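2 protein chains.
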Amino acid sequence: MENFTFYSPTFFAFGKDAEKDTGKLVRRFGGTKVLIHYGGGSVVRSGLLDRVKASLEQEEIPYIELGGVKPNPRSGLVYEGIDLCRANGVDFVLAVGGGSTIDSAKAIAAGVVYDGDFWDFYSGKYIEEALPVGTILTIAAAGSEGSPDSVITNENGMFKRGATGDAIRPKFSILNPALTQTLPPYQTACGITDIMAHLYERYLTNTPEVEVTDRLIEALLLTMVHEGPRVIEDPNNYEARANIMWAGMMAHNNSCGVGRSQDWNSHNIEHELSALYDCAHGAGLAVTMPAVFTYVMQHDVMRFAQIAVRLWGCQMDFAHPEVTAKAGIEAFRRFLISIGMPKNFEELGAKEEDIPKLVKTLCYGDGRTGSISGFVTLNEEDCANIYKMMV
Amino acid sequence: MENFTFYSPTFFAFGKDAEKDTGKLVRRFGGTKVLIHYGGGSVVRSGLLDRVKASLEQEEIPYIELGGVKPNPRSGLVYEGIDLCRANGVDFVLAVGGGSTIDSAKAIAAGVVYDGDFWDFYSGKYIEEALPVGTILTIAAAGSEGSPDSVITNENGMFKRGATGDAIRPKFSILNPALTQTLPPYQTACGITDIMAHLYERYLTNTPEVEVTDRLIEALLLTMVHEGPRVIEDPNNYEARANIMWAGMMAHNNSCGVGRSQDWNSHNIEHELSALYDCAHGAGLAVTMPAVFTYVMQHDVMRFAQIAVRLWGCQMDFAHPEVTAKAGIEAFRRFLISIGMPKNFEELGAKEEDIPKLVKTLCYGDGRTGSISGFVTLNEEDCANIYKMMV
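So the protein lines, in turn, are chains A and B.
If you use numbering that gives the first Met the number 0, the first sequence corresponds to residues 0 to 390, in order.
If you use numbering that gives the first Met the number 0, the second sequence corresponds to residues 0 to 390, in order.
Think of the hints as simulated: they come from the structure by calculation, not from any bench.
Don't take every hint at face value.
Same chains, same names: a pair is fine if it fits in one copy or spans any two.
[Unchecked claim] Simulated crosslink set (DSS-like; lysine-lysine; CA at most 27 Å straight-line):
#, residue 1, residue 2
1, K23, K325
2, K69, K350
3, K19, K387
4, K170, K23
5, K15, K170
Keep in mind the model is a prediction, meaning the values are calculated, not measured.
Please put together the full structure from these sequences, using the hints given.
As structure tokens, this is what we get:
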């Protein structure tokens with residue numbers, strides 16, 4: 000195990016009606032003038048936004064609003080939010096929505112107190128300071144409610160990049176599983192896929208002797224394999240939603256990823272797809288992961304065999320471990336299809352002829368020099384081969 | 000799953016030589032005058048105490064010292080520490096040692112800023128305020144490095160009670176697995192047993208639909224079953240020590256215990272033993288748990304069968320689940336014996352003739368009214384029967 004530090008000082012309020020304490024939590028964590036940031040549609044229609052406002056009003060905390068966050072959140076709205084906060088003396092950013100809304104809120108929070116262009120953080124600069132952020136989560140997926148990360152799409156070129164810093168870990172996150180019950184099955188399945196991707200990306204490590212984090216990752220994956228189909232079958236299953244929601248947070252607050260190298264190649268390869276085609280991130284991951292895993296399996300057959308046995312219940316083929324390793328990848332692929340995820344470029348809405356363009360942005364965008372690194376290093380040819388496997 | 004809140008804002012610095020940053024961390028979390036609290040012997044002999052002092056001196060942070068913490072830490076030293084802190088204007092308590100030292104430090108930290116008798120907190124009063132506490136952990140066991148809990152033995156009657164409050168969660172905890180390599184095998188095994196007890200106490204729940212926390216608990220138990228024997232065989236196995244150390248923290252910061260009722264009957268039954276005989280808490284738990292589990296197994300046979308299958312690899316007897324449930328308890332008992340733990344009263348140094356006294360203190364001490372509650376409610380007769388099973 001490698002040396003590490005771990006700091007997750009987010010206060011989680013979990014359960015039915017948890018959002019009623021929004022005002023009290025904003026006050027507890029120092030907010031006196033709030034930006035409520037959200038997407039649109041469902042948060043308004045469900046009455047959630049009104050309940051959040053009522054809770055702030057009860058505590059006599061003034062607020063302004065900025066809606067309009069889209070999936071794969073854009074840099075343009077972040078600039079708008081930064082200006083709005085500065086003009087109105089906002090000292091707390093409250094995200095009401097899913098990972099896109101939270102990531103956009105984090106970008107605004109970091110940008111408000113920064114002299115330069117907020118995009119610097121998405122080009123590698125560590126976020127040292129930000130306005131406090133609170134979240135009210137409406138989809139279990141990105142894990143942004145407990146993470147120090149944010150991903151934004153730069154509209155100047157349509158590419159996605161991530162930023163990180165303990166300063167953007169939410170001060171509090173309100174997790175009410177009932178708020179996720181209105182999600183369409185497709186979005187629910189995208190969330191399940193994203194959570195599983197956060198776990199697989201941590202599982203694919205080159206660090207030896209990481210039993211405790213291996214086991215924790217497997218525990219959360221086992222939860223997803225058990226609860227995922229239940230919630231697809233019955234979207235109103237509160238208990239399954241609750242188990243998925245806590246797993247989604249734990250999958251990405253990094254308590255199960257400490258002290259080990261991680262992969263993130265699948266995320267990087269997918270980011271080009273959702274940036275170019277505006278497809279759902281989870282859907283892109285569903286098409287990406289089986290291809291990546293098959294391509295890199297030979298790098299550590301026993302690691303893939305281990306998860307095949309422990310997660311997917313495959314029989315270990317001790318004479319031919321690669322048979323077991325492959326069976327585990329195939330079981331994952333079938334699972335993703337069974338919950339309604341796309342299986343190839345066509346179903347995703349991606350085009351084979353764009354592969355050269357995808358590879359170029361992936362391997363050279365934003366300062367990269369011809370490859371991406373993780374569990375293995377993948378050069379242009381590798382990345383092109385992987386995209387071709389997804390066609 | 001039940002509604003819950005979760006807040007674990009401890010900064011963890013984990014790995015080789017992590018204690019070199021002690022001074023910087025004390026400064027980061029606001030300490031300007033420190034009480035260094037420790038036991039004695041090994042912390043001094045190993046040079047750790049000197050290294051800690053040097054790190055504080057490097058940051059020019061003044062300190063005073065209070066050593067002498069004993070296993071099953073006593074109320075007398077807590078009173079002494081409170082007076083010492085007040086007389087010297089201490090604003091930060093730094094524990095260097097194991098769970099006993101950390102628990103004693105937490106009691107002092109809470110007592111210093113409280114007008115009444117600190118024992119009020121150990122009689123049920125929630126700890127709302129305390130001096131900041133930091134820890135440098137030297138044994139993986141109690142989980143106090145990441146928990147809001149403290150257990151102290153009242154010398155006026157020799158009984159152990161616990162206190163809790165987010166205010167006594169450490170601001171930082173330094174976890175260097177190498178510091179645990181000098182522990183004798185018996186103490187190491189006691190620590191392993193304590194960690195497993197924290198997991199079993201959470202596993203025994205009456206809350207349905209808790210897949211995610213069930214799986215997380217199993218993950219940490221699987222880690223202990225894998226790494227425990229490795230570290231008993233080779234005390235210098237850094238990697239096994241590291242996996243156990245992170246598992247020990249995760250086992251008790253409650254991330255795997257949220258949203259579910261928990262047991263803690265085994266802890267309560269054991270506390271009378273270590274209070275009366277001054278035996279190691281882990282050793283007492285090793286004798287207690289198999290007896291308690293056997294006694295309460297019928298309350299939920301399928302829960303015991305589940306852990307028998309998932310943790311101990313028992314074959315499920317679908318026609319007779321109680322056979323599997325029993326096999327799991329027996330596997331746990333054998334495991335504890337295999338790592339060197341005592342198996343009965345005699346090996347523990349406890350006496351059958353004391354059972355009426357143990358039961359009385361257990362069921363009536365400190366405001367209880369004839370029973371203890373957890374996974375099941377146990378009255379005087381139940382508790383006497385359980386102690387008899389341990390003879």
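Here is how each hint holds up against the structure:
Proximity of K23 and K325 under a CA criterion of 27 Å is satisfied in neither setting, with 51 Å inside one chain copy and 48 Å between copies. Taking identical chains as interchangeable, the C-alpha atoms of K69 and K350 lie at most 27 Å apart only when both belong to the same chain, with a minimum of 23 Å there against 69 Å between chains. For a Cα distance limit of 27 Å, the shortest separation of K19 from K387 qualifies neither inside one copy, at 49 Å, nor across copies, at 50 Å. In this assembly of identical chains, the alpha carbons of K170 and K23 lie at most 27 Å apart whether taken from the same copy (13 Å) or from different copies (23 Å).
For the homomeric pair K15 and K170, the shortest alpha-carbon distance inside one copy (20 Å) is at most 27 Å, but the shortest distance between copies (30 Å) is not.
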